[in-house]
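Chains as they are written, first to last, in the working numbering: chain A, 1 to 114; chain B, 1 to 112.
Please note that the accuracy of each hint is not assured.
To be verified - No farther apart than 30 Å at their CA atoms in a straight line, the calculated lysine-lysine pairs in the DSSO-like style are these: (1) Lys106(A) <-> Lys13(B); (2) Lys3(A) <-> Lys106(A); (3) Lys106(A) <-> Lys30(B).
Simulated from the structure, these hints should not be mistaken for lab results.
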Amino acid sequence: DAKTTQPNSMESNEEEPVHLPCNHSTISGTDYIHWYRQLPSQGPEYVIHGLTSNVNNRMASLAIAEDRKSSTLILHRATLRDAAVYYCILRSPPYTGANSKLTFGKGITLSVRP
Amino acid sequence: DAGVTQSPTHLIKTRGQHVTLRCSPISGHKSVSWYQQVLGQGPQFIFQYYEKEERGRGNFPDRFSARQFPNYSSELNVNALLLGDSALYLCASSRTRNTEAFFGQGTRLTVV
């Protein structure tokens, strides 16, 4: 499996933008970059995913480097509810056998200050 | 729409016992996966089922087994429980194998 590297933790202030980095220097051409987050006492929650182009949805934006060796999850205005562990995960088709799983690392713990 | 539901939410078992955990996927979702999350770690993949067949298996001993029923619900069975099996067991469903996964709240298993 191609690996991802994330800082252990980050802090941000409420209502300010947050940029969560992820390095994936061994990414293959078919690997999609997925982000999930896990709020305290809950199961993980899908945030966003992308392949090459930057992606936006109602929760966040995903900025992917041109060489795809890194990406950044952007929360445009952090709220207290965004305090969670954020996981950056690579996943490639055919999504069966060894590729059927989501491989979670330790993730990055985001704290949001009021 | 109801999300992924897991039962029970909490469970205490004794070493050597057997446990069955249950998962109901979101309506219309045909893929169910199971994960184990120990304290301080990210979830670890155990099984994936799609259309009632096992499609993926993680690095877990044969004491762990699962199945998917015709209504796409699923059971995870663990035999001969060890203290190290204490963890949060998460079920995730997705419409197909390559779409986003939706997780339940998990079953907290404590083995004493």
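Keeping to a limit of 30 Å between CA atoms, is the pair of Lys106(A) and Lys30(B) held or broken?
28 Å, holds
Can the restraint linking Lys3(A) and Lys106(A) be considered satisfied, given a maximum Cα separation of 30 Å?
12 Å, holds
Could you grab the alpha-carbon distance between Lys106(A) and Lys13(B) and see if it respects the 30 Å cut-off?
Distance ~27 Å between Lys106(A) and Lys13(B) Cα, so the pair holds.
Against the hints set out earlier in the document, no violation occurs for any number.
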